[in-house]
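Colleague: Protein chains in written order, with our numbering: chain Z, 3 to 225; chain E, 90 to 279.
Treat the hints as calculated values from the structure; they're not laboratory data. Do not rely on the hints blindly, as some may be mistaken.
Looking from chain Z toward chain E, a few residues come up when the C-beta cut is under 7 angstroms (computed) [to be verified]: (1) M3; (2) L11; (3) N14; (4) Q15; (5) A16; (6) P18; (7) P20; (8) V23; (9) V40; (10) T44; (11) G45; (12) P84; (13) V86; (14) S121; (15) W171.
Glycine included, C-beta positions come from ideal geometry on N, C-alpha and C.
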Amino acid sequence: MNTGDWIDLLANQAGPAPRAVVARRLGPALALGVALAVVLATGWPWRPWTAGSAGAVLALKLGYTGLVLLAAAALAGQLARPFVVAAVAARWRAPSRLRAGLAVLVAGWLTMALLAWWSVRGQAPSPWSAFTGGGTASVCAWSITGLSLPALAAGFWALRGLAPTRLRWAGAAVGLAAGGAGALAYGVVCPETSTAFIALWYTVAMAVPAALGALLGRRLLRW
Amino acid sequence: MTMPTDDATRGAELASAWQRAQAGDVAAYRAALDMLARRLRAYFSRRMHGAPADVEDLVQETLLALHLQRGTHDPSVPLLAWVHAIARHKWVDALRRYGRREALHEPLDELLESAHPAVEPAPESHHDLQALLGQLSQAQRTAIVHTKLEGLSVAEASARCGQSASALKVNVHRGLKRLAALLRGEGGWM
Numbered sequence: 003m004n005t006g007d008w009i010d011l012l013a014n015q016a017g018p019a020p021r022a023v024v025a026r027r028l029g030p031a032l033a034l035g036v037a038l039a040v041v042l043a044t045g046w047p048w049r050p051w052t053a054g055s056a057g058a059v060l061a062l063k064l065g066y067t068g069l070v071l072l073a074a075a076a077l078a079g080q081l082a083r084p085f086v087v088a089a090v091a092a093r094w095r096a097p098s099r100l101r102a103g104l105a106v107l108v109a110g111w112l113t114m115a116l117l118a119w120w121s122v123r124g125q126a127p128s129p130w131s132a133f134t135g136g137g138t139a140s141v142c143a144w145s146i147t148g149l150s151l152p153a154l155a156a157g158f159w160a161l162r163g164l165a166p167t168r169l170r171w172a173g174a175a176v177g178l179a180a181g182g183a184g185a186l187a188y189g190v191v192c193p194e195t196s197t198a199f200i201a202l203w204y205t206v207a208m209a210v211p212a213a214l215g216a217l218l219g220r221r222l223l224r225w
Numbered sequence: 090m091t092m093p094t095d096d097a098t099r100g101a102e103l104a105s106a107w108q109r110a111q112a113g114d115v116a117a118y119r120a121a122l123d124m125l126a127r128r129l130r131a132y133f134s135r136r137m138h139g140a141p142a143d144v145e146d147l148v149q150e151t152l153l154a155l156h157l158q159r160g161t162h163d164p165s166v167p168l169l170a171w172v173h174a175i176a177r178h179k180w181v182d183a184l185r186r187y188g189r190r191e192a193l194h195e196p197l198d199e200l201l202e203s204a205h206p207a208v209e210p211a212p213e214s215h216h217d218l219q220a221l222l223g224q225l226s227q228a229q230r231t232a233i234v235h236t237k238l239e240g241l242s243v244a245e246a247s248a249r250c251g252q253s254a255s256a257l258k259v260n261v262h263r264g265l266k267r268l269a270a271l272l273r274g275e276g277g278w279m
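Same shape as in the complex, but just chain E (with noise of 0.2 angstroms):
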């Protein structure tokens, strides 16, 4: 058990990344994505009996969801009631999914709490981001690639890869966009 003191603490922490995150702090948004994949891990977790891998995928689909709809959140609705229904959302949108594939697994095993193995500070998902990537248009992949992966200003990727800025902002929003189906339509987990 966590101290409430301790809890509020971390919450505060939490709360203040995120509000410099929304005013455009990536550092603060880094950490604040970092805390959220901790909670996120820990909700998942207690609701499904699957391997670390399982957990992950849909910590990962949430955090992609929170990102693309990081304009939703409305500074008056505390920050954890508003990732809590994203949460919940995936979480209901996954079991959905798996009561349609259910019939082609084995049944769970009905493990211990304990016999649960450790989950690692960073535990990997199924996904292959370069699979992703290689399934969304060339346009989209560049502008990725340039932005997300090799950490290029909009302006230094623009003047690499010949796309205005404005298209490049679009291109990468419909890549993640593009990215959050089909992280839905594999349906990682099981």
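In isolation and in its complexed conformation, chain Z is listed as follows (with noise of 0.2 angstroms):
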């Protein structure tokens, strides 16, 4: 085939180029994660944990996750993209959406990790136990890693549909959005009060997720 005749093909009645194609396949997919996970934390009929916490507590796991998934939720926007790392050092800057993504993140983790020392700092000699709370670390973790997989799924399915090139990079931007949609759902019914835990055992929980989209985005957003 000629590639004259192909471009004529592709451009005959091309339109407009549709707009705002990331958001509107990435915003949707997240939010439909969110919303399952929220409702298989608080519907689920035999769930391990018993009630929430209410107030500052609230504010700080709310506040926490889902700042995390925003800033990821961006940074998977962003991902969606083609994308190279080479031509950031030639030719361009990386997008500032990126950059204010990553930035946020960062941001978000060192509060934790600050808020976490101020919690522990007078507990000499064992702050340790305002690390493992009342117990519930490993429910914690499990549960924030299970309620993050719907949107995990409904978070690739949105990549495959677009134009990710640092596949990797991608998988784990989304897996950590994921992370977000799931510990913001179990922060919603989680019993712990000590800051500490918060930043320790949300953040592994939220990893999880980012590790496994990382893992995972090789395989399943080639295109």
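With the hints in hand, could you dock these two chains into one complex?
Modeller: In structure tokens, the structure reads:
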């Protein structure tokens, strides 16, 4: 087939480029993931957790996980577009939204680390109890991972219709967003009240789907 | 070697055509794809020592990918950075596919650059459009033939084949996505 004919075929009646394709695909997918995670967390008939927390602790949980969800979703949105790292140095800087998303994530993690340090600083000689909290660490980590799976599947479906070229990073970003969704939902029902617990275990638990996304990315995101 | 100014002029021409194309100017889109095809041909020719038809397979596959993903181009990113990312992705993907099949073929001759056949202005690929269209569903094939080959407007094509305008657009898009999958599966080159 002649390339001129091929170009004619592509251009004929092409119309304008579709707008906001990344947001229109990734947004609803992650929203669905969050909704499913909340329904599963609050409506699960045999859920091993009992009651949630209230006030400042609840606000901290929702604030931290919501921040990770939004920042990772913004990163995934950037990584869903064709992107070459080599081009960053040579011709243009990384898209500002990529840098902004990374900066927000790092700021969130640093803030949680500082808050955790602040909350345990008087408890020498054994601040470890603040990190283990009420002993639900294992339930917390596994529940968040489990609750993030619908968002992970929806996020991968969204990315498969877009054009990521850094497959591992795109998978990790959408995995972290899914982790944020799962942790947000778990935060509603989590009984722990210690800041140090949240800083440690929520972070660890959200990293699990991120790592899973990075592993699956290279295999599932090819196009 | 091209003069930098010359190169800059051509780059500006391409950027302007692309901008108008994204807004819906079909003539500008055709011109932009034509300019991009030349750049892609040069890009892939430098990387593979195959026949022009093998290069052309990749050029056409990449053009289709550009078309399907044109909505992911952020105007704040230089067009060629975006195109380069897609071309590089397609090149790596082709290498992976080729690596899987390599054992089935004779090793490539180490031809000198000067021994390469001259590339015609618009060379042919291995793809056979009719055969490819034959593998689409009836609705997708009809939609593509009416709007893309016969050049009917969506309204005219809709009246002709009885699909609603929105169904027609969806079928064109799905059909092109299916073609992209077929091009990858067939692995055109080698």
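Colleague: None of the hints should be skipped; say for each whether it holds.
Modeller: Here is what the structure says about each hint:
1. M3: 5 angstroms, holds
2. L11: Holds: closest Cβ of chain E sits about 5 angstroms from L11(Z), inside 7 angstroms.
3. N14: With a closest approach of 5 angstroms, the N14(Z) hint holds.
4. Q15: 4 angstroms, holds
5. A16: 5 angstroms, holds
6. P18: Holds, because the Cβ-Cβ distance from P18(Z) to chain E comes to roughly 4 angstroms (cut-off 7 angstroms).
7. P20: Given a least distance of 4 angstroms, the restraint on P20(Z) holds.
8. V23: 4 angstroms, holds
9. V40: Given a least distance of 30 angstroms, the restraint on V40(Z) is violated.
10. T44: 36 angstroms, violated
11. G45: With Cβ-Cβ at 35 angstroms, over 7 angstroms, it is violated.
12. P84: 4 angstroms, holds
13. V86: 4 angstroms, holds
14. S121: 41 angstroms, violated
15. W171: 13 angstroms, violated
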